[in-house]
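Engineer: This is what each chain is made of:
Number of protein chains: 2
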Amino acid sequence: MLLIKRFHSSFQRIAHVGKAQTGDSFSVKGWIKNIRRLKNNIFLDINDGSTSGRFQIVLPRDSHTQKLTSGTVVSAQGKIQVAPNGHYELHADAVESLADGQLQDGFPFSPKQKHPPEYVREHLHLRSRIDYFAAQMRLRHKAQKIIHDYMDELEFVQINTPLLTTNDCEGAGEVFRVQPDSEDLLKQMSRPNVPLDQSYFDHKVFLTVSGQLHLEAMSYGLGNTYTMAPAFRAENSKSPLHLAEFYMFEAELVHLKHLEELSGFIEKMLKTTTNRLIETSGQDLQFCQASADAKQDLPWLSVPWPVLTYDEALDTLIKHKESFTTPISQNEGFTKEQELFLVAHCKAPIFVIDWPVQQKPFYMKVSESNPQRVHALDLLMPTVGELCGGSLREDDVSRLSSHPQLPKDLAWYVELRKFGGVPTGGFGMGFERYLQLLTGVKNIRDVIPFPRYPHSCRM
Amino acid sequence: MLLIKRFHSSFQRIAHVGKAQTGDSFSVKGWIKNIRRLKNNIFLDINDGSTSGRFQIVLPRDSHTQKLTSGTVVSAQGKIQVAPNGHYELHADAVESLADGQLQDGFPFSPKQKHPPEYVREHLHLRSRIDYFAAQMRLRHKAQKIIHDYMDELEFVQINTPLLTTNDCEGAGEVFRVQPDSEDLLKQMSRPNVPLDQSYFDHKVFLTVSGQLHLEAMSYGLGNTYTMAPAFRAENSKSPLHLAEFYMFEAELVHLKHLEELSGFIEKMLKTTTNRLIETSGQDLQFCQASADAKQDLPWLSVPWPVLTYDEALDTLIKHKESFTTPISQNEGFTKEQELFLVAHCKAPIFVIDWPVQQKPFYMKVSESNPQRVHALDLLMPTVGELCGGSLREDDVSRLSSHPQLPKDLAWYVELRKFGGVPTGGFGMGFERYLQLLTGVKNIRDVIPFPRYPHSCRM
Numbered sequence: 001m002l003l004i005k006r007f008h009s010s011f012q013r014i015a016h017v018g019k020a021q022t023g024d025s026f027s028v029k030g031w032i033k034n035i036r037r038l039k040n041n042i043f044l045d046i047n048d049g050s051t052s053g054r055f056q057i058v059l060p061r062d063s064h065t066q067k068l069t070s071g072t073v074v075s076a077q078g079k080i081q082v083a084p085n086g087h088y089e090l091h092a093d094a095v096e097s098l099a100d101g102q103l104q105d106g107f108p109f110s111p112k113q114k115h116p117p118e119y120v121r122e123h124l125h126l127r128s129r130i131d132y133f134a135a136q137m138r139l140r141h142k143a144q145k146i147i148h149d150y151m152d153e154l155e156f157v158q159i160n161t162p163l164l165t166t167n168d169c170e171g172a173g174e175v176f177r178v179q180p181d182s183e184d185l186l187k188q189m190s191r192p193n194v195p196l197d198q199s200y201f202d203h204k205v206f207l208t209v210s211g212q213l214h215l216e217a218m219s220y221g222l223g224n225t226y227t228m229a230p231a232f233r234a235e236n237s238k239s240p241l242h243l244a245e246f247y248m249f250e251a252e253l254v255h256l257k258h259l260e261e262l263s264g265f266i267e268k269m270l271k272t273t274t275n276r277l278i279e280t281s282g283q284d285l286q287f288c289q290a291s292a293d294a295k296q297d298l299p300w301l302s303v304p305w306p307v308l309t310y311d312e313a314l315d316t317l318i319k320h321k322e323s324f325t326t327p328i329s330q331n332e333g334f335t336k337e338q339e340l341f342l343v344a345h346c347k348a349p350i351f352v353i354d355w356p357v358q359q360k361p362f363y364m365k366v367s368e369s370n371p372q373r374v375h376a377l378d379l380l381m382p383t384v385g386e387l388c389g390g391s392l393r394e395d396d397v398s399r400l401s402s403h404p405q406l407p408k409d410l411a412w413y414v415e416l417r418k419f420g421g422v423p424t425g426g427f428g429m430g431f432e433r434y435l436q437l438l439t440g441v442k443n444i445r446d447v448i449p450f451p452r453y454p455h456s457c458r459m
Numbered sequence: 001m002l003l004i005k006r007f008h009s010s011f012q013r014i015a016h017v018g019k020a021q022t023g024d025s026f027s028v029k030g031w032i033k034n035i036r037r038l039k040n041n042i043f044l045d046i047n048d049g050s051t052s053g054r055f056q057i058v059l060p061r062d063s064h065t066q067k068l069t070s071g072t073v074v075s076a077q078g079k080i081q082v083a084p085n086g087h088y089e090l091h092a093d094a095v096e097s098l099a100d101g102q103l104q105d106g107f108p109f110s111p112k113q114k115h116p117p118e119y120v121r122e123h124l125h126l127r128s129r130i131d132y133f134a135a136q137m138r139l140r141h142k143a144q145k146i147i148h149d150y151m152d153e154l155e156f157v158q159i160n161t162p163l164l165t166t167n168d169c170e171g172a173g174e175v176f177r178v179q180p181d182s183e184d185l186l187k188q189m190s191r192p193n194v195p196l197d198q199s200y201f202d203h204k205v206f207l208t209v210s211g212q213l214h215l216e217a218m219s220y221g222l223g224n225t226y227t228m229a230p231a232f233r234a235e236n237s238k239s240p241l242h243l244a245e246f247y248m249f250e251a252e253l254v255h256l257k258h259l260e261e262l263s264g265f266i267e268k269m270l271k272t273t274t275n276r277l278i279e280t281s282g283q284d285l286q287f288c289q290a291s292a293d294a295k296q297d298l299p300w301l302s303v304p305w306p307v308l309t310y311d312e313a314l315d316t317l318i319k320h321k322e323s324f325t326t327p328i329s330q331n332e333g334f335t336k337e338q339e340l341f342l343v344a345h346c347k348a349p350i351f352v353i354d355w356p357v358q359q360k361p362f363y364m365k366v367s368e369s370n371p372q373r374v375h376a377l378d379l380l381m382p383t384v385g386e387l388c389g390g391s392l393r394e395d396d397v398s399r400l401s402s403h404p405q406l407p408k409d410l411a412w413y414v415e416l417r418k419f420g421g422v423p424t425g426g427f428g429m430g431f432e433r434y435l436q437l438l439t440g441v442k443n444i445r446d447v448i449p450f451p452r453y454p455h456s457c458r459m
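Protein chains in written order, with the working numbering: chain A, 1 to 459; chain B, 1 to 459.
None of these hints come from the bench; they were simulated from the model. Fair warning: this is a prediction, and the values are worked out from it, not measured in the lab. Just so you know, not all the hints are guaranteed correct.
You can't tell identical chains apart in this list, so a pair holds if it fits in one copy or across any two.
Stated by the list, open to error - Lysine-lysine pairs mimicking DSS-like chemistry, simulated, CA-CA at most 27 angstroms apart: (1) K319 to K336; (2) K321 to K336; (3) K142 to K442; (4) K204 to K408; (5) K112 to K408; (6) K319 to K142; (7) K321 to K408; (8) K67 to K145; (9) K114 to K418; (10) K67 to K257; (11) K112 to K39; (12) K360 to K67; (13) K319 to K114; (14) K79 to K321; (15) K145 to K271; (16) K319 to K204; (17) K145 to K112; (18) K347 to K319; (19) K257 to K79; (20) K67 to K268; (21) K418 to K33; (22) K321 to K204; (23) K418 to K112; (24) K271 to K142; (25) K257 to K33; (26) K187 to K33.
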């Protein structure tokens with residue numbers, strides 16, 4: 001008995017062929033990826049998007065099969081048999097051509113060639129037809145699903161933090177501004193004392209850089225919360241680790257008083273969800289790693305992740321300062337090169353904690369024992385450097401309200417602490433960087449379906 | 001044995017009290033919602049955000065308990081006992097005040113009063129402290145989780161469709177425009193022949209109104225896909241069913257040739273996921289319904305959903321035209337009043353299919369038998385009217401490319417069909433409207449954490 005889920009359609013998916021038995025009936029629809037014509041038979045390798053593997057269909061050669069070419073969409077029915085190489089194949093009774101591939105008429109990808117990601121990226125709308133990119137999209141889906149499952153098990157509430165906001169959480173000014181495109185609408189909605197371009201919301205409105213402050217507001221009534229949502233940065237960066245629109249996973253934990261609870265949570269979460277992903281999507285993961293010429297082992301899964309104070313990390317860097325092309329700064333955090341050095345030096349991911357107060361934003365909790373330090377952490381990983389940033393939040397009303405960098409308009413944020421405040425802490429993780437860490441894909445533009453970056457917003 | 005999940009913290013959640021047994025040790029942290037002082041004992045009703053229920057803590061009255069007031073955050077440990085009303089309560093050995101409520105000092109909500117949603121909405125940052133709103137947020141979380149689970153079971157791939165886009169899928173012009181806030185950045189990135197305000201992306205860029213076209217591009221390689229993401233409309237609407245930023249669930253199904261397959265999919269999906277939500281979150285759902293003075297039964301779960309053609313629906317409306325305050329138009333679809341009439345008339349949700357071609361967008365498939373009609377559907381529901389809109393997609397290259405409303409710059413969309421096209425169809429559902437349908441909450445602003453609407457974008 002073949003256990004394959006069906007709903008609206010009378011076909012099955014190639015990903016499930018492995019559950020079939022010799023002689024089972026099987027029905028499939030997909031794109032021909034490769035075609036070989038021998039004397040009596042014709043062999044089609046097809047793919048339907050459900051797996052990185054291809055599935056061989058064998059059918060007798062006749063006049064009907066002459067029209068089949070790479071790129072043709074076919075529907076095939078037949079019986080499962082074992083090929084000489086031990087793989088399942090389909091001995092087809094019937095193959096119908098559903099649509100012509102027309103690859104010769106301007107299709108940018110040659111079926112037999114491996115195209116580099118920069119080239120594939122030039123044809124965004126057809127990128128899902130490239131095996132390694134399709135595998136990346138399935139992996140991205142499963143990674144998200146597993147994170148949602150994990151957080152739900154721990155009873156975190158997912159909050160859809162708003163993308164339109166009047167605040168610039170990080171205070172870096174790298175924001176996109178939003179207003180209606182229609183001048184007529186702006187005029188129709190105009191009000192006295194409101195600049196015309198702000199008349200829709202009566203305010204200057206930005207795309208969010210982080211959902212953290214909104215999460216905190218929700219956590220003050222709901223307990224632990226999280227969000228997995230787009231965030232935006234208006235930077236002119238060509239870096240392979242930056243996008244103008246990217247996904248951030250952010251979590252906020254209540255009644256959290258010690259940074260070690262937060263680093264412990266992050267380590268356990270990343271190890272657990274990654275192990276689950278390897279279990280459910282190992283084939284796609286390996287396919288992505290192989291396509292990126294990356295190593296297939298993830299040694300960081302099986303070692304403890306040490307914690308270094310900022311001062312310890314800085315000392316280590318200074319001891320090895322001749323190794324760096326970038327200067328060591330005590331005002332600006334570490335460079336990517338220095339982050340990766342620390343990870344290599346410790347042979348493990350590391351949490352760097354207790355950062356200088358002037359290097360971190362207003363909302364981080366100042367240390368009682370050393371007011372020059374805040375209870376902040378950065379998680380540094382192989383390949384990508386900083387993956388997570390987090391902190392305890394300042395819950396002392398007077399210290400928070402007198403912070404010189406507290407943005408105006410954040411009276412509400414201070415008020416959260418005033419009326420029954422609870423100590424909270426949390427962190428954010430760039431989701432695309434996590435995918436890069438897993439797959440070794442060098443450019444962040446290749447782990448997101450439609451990358452947006454300087455001078456490029458196609459489709 | 002008390003089965004309660006713990007991770008970073010040494011406290012438990014009120015939602016799990018029901019699994020405890022008399023005499024079990026229990027430890028809890030939460031906000032005091034109500035307080036009663038009797039001669040020897042003091043009774044605290046507390047809530048920790050995990051449930052709409054409150055949990056009673058009993059402790060002996062002493063000088064220490066004098067400081068406790070509504071709004072105080074407490075930590076309590078003790079033993080579970082059964083109260084005279086049959087509910088579990090905590091006989092506390094120790095209660096510690098973690099933070100002062102200070103409700104008398106400007107807290108907008110009185111603990112003993114039920115505040116109307118319009119008033120609560122004025123204090124967005126503290127809304128999670130209102131029981132019925134917290135219940136709505138938990139329900140929203142679970143509804144999303146259950147939809148993700150369902151789609152994953154059916155092997156749909158979630159695609160994070162981009163929020164920044166150069167296309168206006170629906171062609172209605174109700175879009176928000178996006179550009180960097182920094183003039184300096186725009187100047188630094190300027191290029192010849194590109195207007196300065198477009199220099200970041202070299203294009204006019206909008207916030208998406210729908211992820212459909214992007215989903216289609218991915219489905220042409222991956223098979224079935226879906227997205228659950230924010231969408232935006234720059235409309236000056238005060239309607240209780242519209243927001244400037246809202247969540248859309250959209251799905252695209254491949255090898256779909258008949259509209260009945262799509263309506264069948266939608267009906268089964270909504271019935272299955274809603275029944276699962278009732279199972280997992282029945283208490284929160286009922287609490288939300290009761291708070292909105294809404295009926296608690298959902299009769300649409302247990303009846304089949306009939307299909308009417310547009311012409312049949314129009315005939316029915318014309319026969320009852322004296323019932324409407326709004327005129328019946330043959331050019332503009334039905335009004336909310338007319339939609340709700342049809343639902344009441346049929347005593348069930350209804351799919352209206354086969355719409356006039358001029359009422360629907362360019363991408364919908366024209367009927368072979370009647371070129372004046374497209375294979376489109378609207379799903380009309382009680383309470384909210386239109387909940388879903390969907391269609392088969394035009395896969396005929398020549399008909400699509402000659403469509404007078406085909407936006408320029410969509411050559412890529414036509415090309416999807418050219419190179420191995422597959423027939424697809426799909427639909428979109430306003431997620432907040434679905435929540436309104438479930439809970440009976442009248443204003444859409446009360447089912448989303450941070451509503452954005454004309455003249456309002458707070459926090």
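Engineer: With reference to the structure, classify each hint as holding or not holding.
Structural biologist: A quick look at each hint next to the structure:
{"no.": "1", "hint": "K319 to K336", "verdict": "within (17 angstroms within a copy, 71 angstroms between copies)"}
{"no.": "2", "hint": "K321 to K336", "verdict": "within (14 angstroms within a copy, 69 angstroms between copies)"}
{"no.": "3", "hint": "K142 to K442", "verdict": "within (20 angstroms within a copy, 35 angstroms between copies)"}
{"no.": "4", "hint": "K204 to K408", "verdict": "within (14 angstroms within a copy, 31 angstroms between copies)"}
{"no.": "5", "hint": "K112 to K408", "verdict": "neither (59 angstroms within a copy, 33 angstroms between copies)"}
{"no.": "6", "hint": "K319 to K142", "verdict": "neither (42 angstroms within a copy, 51 angstroms between copies)"}
{"no.": "7", "hint": "K321 to K408", "verdict": "neither (40 angstroms within a copy, 55 angstroms between copies)"}
{"no.": "8", "hint": "K67 to K145", "verdict": "neither (41 angstroms within a copy, 46 angstroms between copies)"}
{"no.": "9", "hint": "K114 to K418", "verdict": "between (60 angstroms within a copy, 22 angstroms between copies)"}
{"no.": "10", "hint": "K67 to K257", "verdict": "between (69 angstroms within a copy, 23 angstroms between copies)"}
{"no.": "11", "hint": "K112 to K39", "verdict": "within (22 angstroms within a copy, 86 angstroms between copies)"}
{"no.": "12", "hint": "K360 to K67", "verdict": "neither (64 angstroms within a copy, 36 angstroms between copies)"}
{"no.": "13", "hint": "K319 to K114", "verdict": "neither (44 angstroms within a copy, 63 angstroms between copies)"}
{"no.": "14", "hint": "K79 to K321", "verdict": "neither (65 angstroms within a copy, 58 angstroms between copies)"}
{"no.": "15", "hint": "K145 to K271", "verdict": "both (15 angstroms within a copy, 22 angstroms between copies)"}
{"no.": "16", "hint": "K319 to K204", "verdict": "neither (47 angstroms within a copy, 50 angstroms between copies)"}
{"no.": "17", "hint": "K145 to K112", "verdict": "neither (33 angstroms within a copy, 41 angstroms between copies)"}
{"no.": "18", "hint": "K347 to K319", "verdict": "within (17 angstroms within a copy, 78 angstroms between copies)"}
{"no.": "19", "hint": "K257 to K79", "verdict": "between (62 angstroms within a copy, 25 angstroms between copies)"}
{"no.": "20", "hint": "K67 to K268", "verdict": "neither (55 angstroms within a copy, 39 angstroms between copies)"}
{"no.": "21", "hint": "K418 to K33", "verdict": "between (63 angstroms within a copy, 16 angstroms between copies)"}
{"no.": "22", "hint": "K321 to K204", "verdict": "neither (44 angstroms within a copy, 46 angstroms between copies)"}
{"no.": "23", "hint": "K418 to K112", "verdict": "between (65 angstroms within a copy, 20 angstroms between copies)"}
{"no.": "24", "hint": "K271 to K142", "verdict": "both (15 angstroms within a copy, 25 angstroms between copies)"}
{"no.": "25", "hint": "K257 to K33", "verdict": "between (56 angstroms within a copy, 24 angstroms between copies)"}
{"no.": "26", "hint": "K187 to K33", "verdict": "neither (55 angstroms within a copy, 46 angstroms between copies)"}
The structure shown violates the earlier hints numbered 5, 6, 7, 8, 12, 13, 14, 16, 17, 20, 22, 26.
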